[in-house]
Structure formats: structure tokens, C-alpha cells
Amino acid sequence: WVSDLLPEHVHEHFSYLVSSAEVGTEKDYAQKQAADRYLTRRHSKMSELTRGLLAGIDYEAVLKQRVKNTQFLQAALGKYNRLTPLIDRYLEERSESEALYLYPFLPLADLGDDFAYDLRQKLIQNKIYVPQLWQDTADEEIAGSLAYQLSAETSFLPVDQRYEEADMAEMTGRIMTIMEDLHDGEA
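When the letters of the sequence shown are read in order and numbered with our numbering, they come out as residues 2 to 188.
I should point out that these hints are in silico values taken from the structure, not numbers from a laboratory.
The structure presented is a predicted model; accordingly, all values stated were derived computationally and were not measured.
Worth double-checking, as some hints may not be accurate.
List time: in silico DSSO-like cross-link candidates among lysine-lysine, alpha-carbon distance up to 30 angstroms [as the list claims (entries may be wrong)]:
1. Lys-65 - Lys-80
2. Lys-123 - Lys-28
3. Lys-128 - Lys-33
4. Lys-33 - Lys-69
5. Lys-28 - Lys-128
6. Lys-80 - Lys-28
7. Lys-69 - Lys-123
8. Lys-128 - Lys-69
9. Lys-69 - Lys-80
10. Lys-33 - Lys-123
11. Lys-80 - Lys-123
12. Lys-33 - Lys-65
13. Lys-80 - Lys-33
14. Lys-28 - Lys-69
Restraint ranges, calculated between C-beta atoms of paired labels, are given here [said to hold, decoys possible]:
15. Lys-128 - Gly-186: 32 to 42 angstroms
16. Ile-125 - Ile-58: 25 to 35 angstroms
17. Arg-163 - Tyr-81: 18 to 28 angstroms
Positions of the beta carbon are idealized from the N, C-alpha and C atoms, including for glycine.
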């Protein structure tokens, strides 16, 4: 298996990265999914391209921006989020070398039975892409459990370093509008 771990040339699998940087992620999303499938089937060393890209990252700036974005979303959405106590505790106790890569938004239970699901669908329709983590735990048989709520009902909002405060403000504005529409039954 050691021979499978040799560095490889991967340019044919990851050209979508350049296109995504130039025109946005939506256009080449299918290519990204194909590259993700390719990576899950392969076990190899890091490519030289990847090594070079990673060497050019200012990790301190990445951490600062992710924390700043998480704080922004927490200030804007915390009163609607069942996970607020955990997020507040995390923000208070986190080490200087860690930051979230997604903001977990689990809407309050009193917003309605299908609210969390409908919110996720509306976010995606509004080009706010929220992954569903741990899909294997979103089984109706365990509905109500924490595992189910985290997978099926939580919208994991982006907080990564690509986003500035203006982006966070635009995103929270969209989220608030969607939540108001869903609450008023207009969605």
C-alpha cells in the first residue's frame, strides 16, 4: 500500500478551484462533487500543488476572521439558536489556536415543527449553502434525539475566512427575512 501513497498529479481533478475563484462556486459545483468522490476513493500523499497552496496561507488571519464571523453570527442570531449556551461557552473558553469552520444554527423549537427543515431549504434556494452533517443520524426513528437535531435540524452556516463583515451582514439579513417569512407562513 505504500506505493499508493506516492505524490500524484491532480490538476485534472481540481481545475474547478480556479474557476470557482474566478466566477464563484455555483458554476462548477458538480466538478467539486466529482473531485470529492475522487478524494474519498484515493489515499495519497499531498500533491505539490497542495503543499504550495498551504504554505501561502496566513493561518493567524484565517483564525481571526473565522472567530470574528462566528461572533457576528452569534450576536445576530444567538437569541434564535438553541445552541447559544454552547456557542457562548466555546467563544469564552476557546484556545487562541482554534476557530469554528461553520456556525451551528439550531432554531428554537417554538418556531414550528418543520421550521428548521424549511429554513435549510430556503437558505439553499437563497444561495447560502449549508451542509447536512452526519446524514446517517437523520433517521426518523431517532427524531428528537440530539444526534437527529444536529443532523436534520441544524443549519451549519459558513464562517470561513472568505467572508468579511459585510458578507456576514448580508447573510444574516437574508436569514432574518427567511425566518420572518417562514414564521408568517409566507414561504
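Notebook entry, point to check: Taking 30 angstroms as the top limit, are the C-alpha atoms of Lys-28 and Lys-128 close enough?
Noted result: Holds, at about 12 angstroms.
Notebook entry, point to check: Does the structure keep Lys-33 and Lys-69 at a Cα separation of 30 angstroms or less?
Noted result: Cα-Cα ~27 angstroms, so holds.
Note to self: Next pair to validate is Lys-80 with Lys-123; report whether the Cα-Cα distance is within 30 angstroms.
What the structure shows: The given pair, whose Cα atoms are some 20 angstroms apart, holds under the 30 angstroms limit.
Item checked: Distance restraint hint 18 to 28 angstroms, applied to the beta-carbon atoms of Arg-163 and Tyr-81 -> The hint (18 to 28 angstroms, Cβ to Cβ) holds, given that Arg-163 and Tyr-81 are roughly 24 angstroms apart.
Note to self: Check the hint pairing Lys-69 with Lys-80 against an upper bound of 30 angstroms on the C-alpha distance.
What the structure shows: holds, 18 angstroms
Note to self: With the threshold set at 30 angstroms, check whether the alpha-carbon distance from Lys-128 to Lys-69 stays at or below it.
What the structure shows: Cα-Cα ~22 angstroms, so holds.
Next item on the list: Mind checking the alpha carbons of Lys-123 and Lys-28 for me, to see if they're no more than 30 angstroms apart?
Entry: Holds, at roughly 19 angstroms.
Check: Between Lys-69 and Lys-123, is the straight-line Cα distance small enough, at 30 angstroms or below?
Finding: Satisfied, since the Cα-Cα distance of roughly 25 angstroms is no more than 30 angstroms.
Check: Holds or violated: Lys-28 with Lys-69, Cα cutoff 30 angstroms?
Finding: This hinted pair holds, its Cα atoms lying about 28 angstroms apart.
Check: For the pair supplied as a hint, Lys-128 and Lys-33, is the alpha-carbon distance within the 30 angstroms limit?
Finding: holds, 16 angstroms
Checklist line | Satisfaction of hint between Lys-28 and Lys-80, Cα-Cα up to 30 angstroms | finding: violated, 35 angstroms
Margin query: For Lys-33 and Lys-65, compute the direct alpha-carbon distance and say whether it is at most 30 angstroms.
Written below: Roughly 27 angstroms between the alpha carbons, so the hint for Lys-33 and Lys-65 holds.
Hint check: violations occur at hints 6, 13, 15; the rest are consistent with the structure.
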